[in-house]
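Numbering (the working numbering), first residue to last: 1 to 548.
Keep in mind that a hint or two might mislead.
What the hints assert, rightly or not - Pair by pair, the computed Cβ-Cβ distance ranges are:
#1 Asp524 / Asn255: 49 to 55 Å
#2 Glu159 / Asp524: 32 to 38 Å
#3 Gly214 / Gly178: 57 to 63 Å
#4 Val191 / Arg516: 35 to 41 Å
#5 Thr279 / Glu217: 40 to 46 Å
Unchecked claim - List of simulated lysine-lysine pairs, DSS-like, C-alpha gap at most 27 Å:
#6 Lys351 / Lys322
#7 Lys298 / Lys327
#8 Lys298 / Lys351
#9 Lys327 / Lys417
#10 Lys231 / Lys528
#11 Lys508 / Lys528
#12 Lys298 / Lys322
#13 Lys508 / Lys231
#14 Lys351 / Lys417
#15 Lys351 / Lys231
#16 Lys519 / Lys508
#17 Lys322 / Lys417
Hints were generated in silico from the structure; no laboratory data involved.
Quick reminder that beta carbons are idealized off the backbone N, C-alpha and C, glycines included.
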Amino acid sequence: MLTIKRQEANKRLFIRRAKERNSGDRCVQFWFLPTLSRQIFILNESSKPGDLHAPVSLKSFLLYLPFAILPFVNLPNQIIMERISVFDIFKIGIGPSSSHTMGPWRAAQRFLREIDLQQVTSVQVALYGSLAKTGKGHGTDLAVLLGLNGDDPVTIPVEDVPANIQQINERKSIRLGGLRDIPFDPEQDVVFLYDQTLPYHANGLVFTAFYHNGTGESHTYYSIGGGFVVKEGEQDQEGGVVLPFPIDLGAELTNWCTRENRSISEIVFQNELTWRNETQIHSDLRHIWTVMRDCIYKGCHTDGVLPGGLDVGRRAAPLNRKLLAGKPYRDVDDWIRQISRGGHTFQEILKWVSCFALAVNEENAAFSRVVTAPTNGAAGVIPAVLMYHVCFSESFVEEDIVRFLLTAGEMGSLFKKGATISAAMGGCQAEIGVSSAMAAAALTECLGGSYAQAMMAAEIAMEHHLGMTCDPIGGLVQIPCIERNTMGAIKAITACQIALESDPSMAKVSLDTVIRTMKETAFDMNTKYKETADGGLAVHISVNLVEC
């Protein structure tokens, strides 16, 4: 018996090209539009439990086909997709994970806005899929507690994080929304459903509020990567923002840059004016860089062992001392000057880039303040590459900070819309791979490369991360995650240099092609390699963990 699974977005059905996946799961698809997002699947009896399907005959499917085509009649050429600001890609928050910490934290805050706080007597939270399997290591339960407690990841003092968690655990109560105390036992009221996954995304969580009158309400949210959160039923909503230069594909970005004779950052800047004025854009991007820079500095001056039970020692601070060899400095600006004045041999620069990346992700693993770029697990790549440019590029000027972040942000947006930035959906290629591509394009533009060379650099960087799995030992963002940031940064710099010496018109692989390939690779990747700690290094290294 054949079955059909149908997914719709605002009553539009987009059907893709015919493709055989394997003998046990046949996927029939057709091209109709250049912008693709939805599919019709023909599945056999090997369909997985939970698939939304209804038995149909082949005859019924053929009868259905004309109705699938009808929505395309008189549709505009440009479908309005999600509109993403660079400030959606770069978010200030608390480590260690954008999808497992920042996302659930934001979901908890949103839940509070959508219920009647004054009527609540108790609250429960259920974590599904990857959020359950690696939630303890990523601090998902802690993030939910802080969100319900009225704390904000941008403004909470880092030192208050463990204190507030300890208070909730000891008192067995939570200050709901920061307004009033209700009973809350984290051991009982945060439920880890390890063997259950919600249908839309691997990172699902359900909040339930119980009211005085015996009623209540539940809300389901999905943390879809990079700190982005969607509520059940909102997954396929289109954005209502109209940009002067709408971009969903690399080809569209190329078109705008060519037509307007502008760089990537200039095109993106015009789009950003939709949300902020010119002064705000410059100020807020410089603030993003300040948080990144300060995170590097803090990580380079903090010794010790990371929390979580793996006994991973910090390496950035000892490496920083060794490289500076006793040179004095007073503050972060003076520190950067000393690095810039030091040796510029290949080995020294390589060590500094690694040091910068290590510093950020050691801070991230220690529940410190970082910038999602585009995720927390990959937060060290972009700061490391930008700091490399600041310290070692003779052409660096202050304006490059804004140009770098605008270009990087647009690359992250393309990957999010065309594939994923969630390791729970795509493995580590969706985190380190995307961050490396973002950094490669941004550095290329800042070093004088054309928009075509910048996009080529992004393609090269991602091409050499395709298939990278996410297999965190103990569910912690430490091994191999911290070191992978150093590799992603170095690959970004290498990709930049290759692109600067190349003719993009001769490239065999386009940015859109590598994004599409990454998406297909994500679909084909075994679930155990998607941030579950069920495969790879995570099951080959024996460790005894304690709670974070």
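Here is how each hint holds up against the structure:
{"no.": "1", "hint": "Asp524 / Asn255: 49 to 55 Å", "result": "violated, 31 Å"}
{"no.": "2", "hint": "Glu159 / Asp524: 32 to 38 Å", "result": "violated, 44 Å"}
{"no.": "3", "hint": "Gly214 / Gly178: 57 to 63 Å", "result": "violated, 26 Å"}
{"no.": "4", "hint": "Val191 / Arg516: 35 to 41 Å", "result": "holds, 38 Å"}
{"no.": "5", "hint": "Thr279 / Glu217: 40 to 46 Å", "result": "holds, 42 Å"}
{"no.": "6", "hint": "Lys351 / Lys322", "result": "holds, 10 Å"}
{"no.": "7", "hint": "Lys298 / Lys327", "result": "holds, 17 Å"}
{"no.": "8", "hint": "Lys298 / Lys351", "result": "holds, 17 Å"}
{"no.": "9", "hint": "Lys327 / Lys417", "result": "violated, 46 Å"}
{"no.": "10", "hint": "Lys231 / Lys528", "result": "holds, 25 Å"}
{"no.": "11", "hint": "Lys508 / Lys528", "result": "violated, 32 Å"}
{"no.": "12", "hint": "Lys298 / Lys322", "result": "holds, 16 Å"}
{"no.": "13", "hint": "Lys508 / Lys231", "result": "violated, 40 Å"}
{"no.": "14", "hint": "Lys351 / Lys417", "result": "violated, 34 Å"}
{"no.": "15", "hint": "Lys351 / Lys231", "result": "violated, 43 Å"}
{"no.": "16", "hint": "Lys519 / Lys508", "result": "holds, 19 Å"}
{"no.": "17", "hint": "Lys322 / Lys417", "result": "violated, 42 Å"}
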